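K.L.:
Listed here are the chains, written in short residue letters.
Number of protein chains: 2
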Amino acid sequence: MADVLSRIGDKWSVFAVMLLGERDHRFAELQRGMGAVSKRMLSLTLKRLERDGLVIRTVFDTVPPSVSYALTPLGRSLHGVVEALGHWAVDNQSSIEAARQRFDGEVALGE
Amino acid sequence: MADVLSRIGDKWSVFAVMLLGERDHRFAELQRGMGAVSKRMLSLTLKRLERDGLVIRTVFDTVPPSVSYALTPLGRSLHGVVEALGHWAVDNQSSIEAARQRFDGEVALGE
Chain A
1 MADVLSRIGD KWSVFAVMLL GERDHRFAEL QRGMGAVSKR MLSLTLKRLE RDGLVIRTVF
61 DTVPPSVSYA LTPLGRSLHG VVEALGHWAV DNQSSIEAAR QRFDGEVALG E
Chain B
1 MADVLSRIGD KWSVFAVMLL GERDHRFAEL QRGMGAVSKR MLSLTLKRLE RDGLVIRTVF
61 DTVPPSVSYA LTPLGRSLHG VVEALGHWAV DNQSSIEAAR QRFDGEVALG E
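For the record, the sequence lines run as chains A and B.
Position 9 of the first sequence, counting from 1, maps to 9 under full-length UniProt numbering, and the rest follow consecutively.
Position 69 of the second sequence, counting from 1, maps to 69 under full-length UniProt numbering, and the rest follow consecutively.
No wet-lab data here; the hints were simulated from the structure.
As the structure is a computational prediction, the values presented were derived from the model and not from experiment.
Don't take every hint at face value.
No distinction is drawn between identical chains; accordingly, a pair holds when it is met within one copy or between any pair of copies.
Only pairs whose alpha carbons sit at most 16 Å apart, straight line, appear in this in silico EDC-like list of lysine to aspartate or glutamate [stated by the list, open to error]:
| id | residue 1 | residue 2 |
| --- | --- | --- |
| 1 | LYS47 | GLU97 |
| 2 | LYS47 | ASP10 |
| 3 | LYS39 | GLU29 |
| 4 | LYS39 | GLU83 |
| 5 | LYS39 | ASP91 |
| 6 | LYS47 | ASP61 |
| 7 | LYS47 | GLU106 |
| 8 | LYS39 | GLU97 |
| 9 | LYS39 | GLU106 |
Chain A extracted, bound-state conformation:
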């Protein structure tokens, strides 16, 4: 279970699944939507999600060829769980930041 958790818990995987849960995306759209992700990390993340059967990659024979990414049914079942995680993160971001400041303050006081 640990390796599955490390995949689905990985932040870039979470981001990608959340975006693909809204609609299919091309690579460049995903990269824009995921802010600070590098091209290399996004490629690696998509390849891992594809290998895990969570994402499907479709090549269209346009000129030039274009590539689209979509969630598989397995990926869609994960989307619900991941979305709740994403919402929890947004809802509790300020509480966590406040906790960090208190903790760092206590550490500084040597308590």
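Let chain A serve as the given structure and place chain B on it in line with the hints.
P.N.:
Using the frame of chain A, we list chain B on its own:
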């Protein structure tokens, strides 16, 4: 949001929150329950969860002193989301492994 996601998505954090969601634990109990985690990684994980306000560390003045870890209310609110993630991972582990074998087979065939 990304840094919060990388915390709560981190597999050892997920594991620790799942175990602490059942009951409070001492360090050694957590280490046994989390299988392959090193002492150093478990200490780091607990320190981060404490700093994020998700876990509280209590020192009891027994002889020798003993230390117990518990979820805070914020940690308990995360436990529900994380538990769903854990169950999803267990329920879909075999589908993911089957997908990985198909993918690796296709890669080997050079498709």
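K.L.:
How would you classify LYS39 and GLU83 at a CA-CA limit of 16 Å: within, between, both, or neither?
P.N.:
For LYS39 and GLU83, neither the intra-copy (24 Å) nor the inter-copy (32 Å) Cα distance is at most 16 Å.
K.L.:
Within a copy, between copies, both or neither: which one fits LYS47 and GLU106 at a CA-CA cutoff of 16 Å?
P.N.:
between (43 Å within a copy, 13 Å between copies)
K.L.:
How would you classify LYS47 and ASP61 at a CA-CA limit of 16 Å: within, between, both, or neither?
P.N.:
The answer is neither: 20 Å in one copy and 51 Å across copies each exceed 16 Å.
K.L.:
16 Å Cα cut-off: does LYS39 pair with GLU29 within a copy, between copies, both or neither?
P.N.:
Within one copy only: 12 Å inside a chain, 41 Å across chains, cut-off 16 Å.
K.L.:
How would you label the pair LYS39, GLU97 (within, between, both, or neither) given a Cα cut-off of 16 Å?
P.N.:
Neither way: LYS39 and GLU97 sit 29 Å apart in one copy and 26 Å across, limit 16 Å.
K.L.:
From the Cα coordinates, with 16 Å as the cut-off, is the pair LYS39 and ASP91 best called within, between, both, or neither?
P.N.:
neither (29 Å within a copy, 32 Å between copies)
K.L.:
Tell me, please, which holds for LYS47 and ASP10 at an alpha-carbon limit of 16 Å: within, between, both or neither?
P.N.:
Within one copy only: 14 Å inside a chain, 20 Å across chains, cut-off 16 Å.
K.L.:
Under a CA distance limit of 16 Å, which applies to LYS39 and GLU106: within one copy, between copies, both, or neither?
P.N.:
So LYS39 and GLU106 fail the 16 Å test inside a copy (39 Å) and across (24 Å) alike.
K.L.:
Quick one: LYS47 to GLU97, C-alpha cut-off 16 Å, is that within a copy, between copies, both, or neither?
P.N.:
between (33 Å within a copy, 15 Å between copies)
Hints 4, 5, 6, 8, 9 from the earlier list are contradicted by this structure; the remaining hints agree with it.
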